[in-house]
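**Q** Hey, can you work out the whole structure from these sequences and the hints?
There are 2 protein chains.
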Amino acid sequence: MERLSLNQITTKRWSLPEAIAGCAENGVGWIAPWRDKVAEIGVEEAARLLKKHGVRVSSLCRGGFLTGVTPEGSRVDGVADTREAIDEAAALGTDVLVLVVGGIADNDLAGSRQRVADGLGELAPYAMERGVRLGLEPLHPMQCAERSVLSTLDQALALAEEHPAEAVGVVVDEFHVWWDPRVEESIAKAAGRILGFHVCDQLVPLTDTFLGRALPGDGPIDHRRLRACVEAAGYLGPIEVEVFNAELWRQPGDQVLRQVIASYAEHVD
Amino acid sequence: MERLSLNQITTKRWSLPEAIAGCAENGVGWIAPWRDKVAEIGVEEAARLLKKHGVRVSSLCRGGFLTGVTPEGSRVDGVADTREAIDEAAALGTDVLVLVVGGIADNDLAGSRQRVADGLGELAPYAMERGVRLGLEPLHPMQCAERSVLSTLDQALALAEEHPAEAVGVVVDEFHVWWDPRVEESIAKAAGRILGFHVCDQLVPLTDTFLGRALPGDGPIDHRRLRACVEAAGYLGPIEVEVFNAELWRQPGDQVLRQVIASYAEHVD
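For the protein sequence lines, the chains are A and B, in the order given.
According to UniProt numbering, the first sequence holds residues 1 to 269 in order.
According to UniProt numbering, the second sequence holds residues 1 to 269 in order.
Keep in mind that the hints are not guaranteed to be accurate.
Residues from chain B that face chain A, not an exhaustive set, calculated with beta carbons under 7 Å [unchecked claim]:
no. : residue
1   : S15
2   : M142
3   : A145
4   : Q155
5   : P181
6   : V204
7   : P205
8   : L206
9   : T209
10  : P220
Hints are computed from structural coordinates only; laboratory data are not their basis.
Since this is a predicted model, take the numbers as computed values, not measurements.
Every residue, glycine too, gets a C-beta built ideally from N, C-alpha and C.
**A** So this is what it looks like as structure tokens:
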């Protein structure tokens, strides 16, 4: 259980103070805060509460959107925003910032991928100077147009390898990569670059491209097998339970956290 | 325009006699019938109408479900059903049967993939004897659990290459593969094995994993680029417009076919 981390999106109704206190009360030693929740109380207060409760940060969610468009289609300066996120990660005492790179801008897939590579080139030195590593998280191909032109681990790794391992790595999220016939080989290839491991399951039938996720054990994903792959590749850090699910989001945070702990113990640990 | 084929699912409200007549009246020389529509009038009558109207069959949709489960989760003998489909394809005068291999059975992804390989081993000689080639169509990863444990062109090609090119090949459907960072290389590798090319677009936002498709030009897919890849790999056969879209399905067939022809002319041809 000492590797379990609560990704804060899973307990969406909780504020960051509530989530930190909830983790501490339930013996969960790690949390992955989301930036909008951090912003509600400020980075300094967040850092103070984390220290007070003895809860460590596995990663900060999230920077990115380097293609220059949000999922809603509005323009954003992803590079500038990610620089701020790097500073926030450092202030919170984590060395991992998760990046979601953004969807297709200007109806140009190849050009959008190039923008991601270019943006990463600008950000990598900045991140390395501050002791923060950028974790490229490939998202499920069904989110290619809207959220991430980075769709596979192989693709993320190729991009990461243009930079020092101290600056850029990859994040393995089961929901996004479990279907990939190359997932085991890809994880092995990513040895030394894996900055995070996110677990959750997929709803079947898959009724929603964004919220169609479930607690580990409620879908077809073989968590122990993927965990073994990630460990064989040398990743022994925190394991985040990250679930986007409308029904969970309606429940009180402590009720959700108890289910997170139980499903992790039964299907992942 | 001589390569345009109407995949019958696009004009869902039309019976097969209506679709064949509609193609003939509108100068579309190819059709890809669906087996449930063929069954409504019988294979012999279907063959007679095709001949009468001078419309040729680009492929028959579809056999498969070799993992033994339907999208609704009930059991099916996919091998026996696909044998029947091979006979129907031969009787309709096409040498291509599209295969959708089926989703995950018994919560076992690796085992389900093995069942597909085993089923293909049984079917390939039967198909070759009858002059029908089996076209493995990888489906979008979001359909992995429910419809197809075959998710990428590379994966489909590796499976096909265990058999003679006269028996097993792959079908390139844009909706399913456009996001793949390896799509261009994969198509090139599939030279000599490409048995069909299906065009359509993806709705953005992607509101439905099954029906989230659109006519060419109404989404982010670069049809001319993918068509050039497929042609460079030697495929010069019919190009099917295959669109699963609830709004199109509500419209009369002739109205849909006119839009198919216009979007094909503008974005594909």
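**Q** A separate judgement is required for each hint: does it hold in the structure or not?
**A** How the hints compare with the structure:
1. S15: violated, 29 Å
2. M142: Check passed: Cβ of B/M142 comes within 4 Å of chain A, closer than 7 Å.
3. A145: holds, 5 Å
4. Q155: Hint holds; B/Q155 Cβ to chain A Cβ min 4 Å, cut 7 Å.
5. P181: holds, 4 Å
6. V204: It holds, given that the least Cβ distance between B/V204 and chain A is near 5 Å, below 7 Å.
7. P205: holds, 6 Å
8. L206: holds, 5 Å
9. T209: holds, 5 Å
10. P220: holds, 5 Å
When held up to the earlier numbered hints, the structure conflicts with hint 1 and nothing else.
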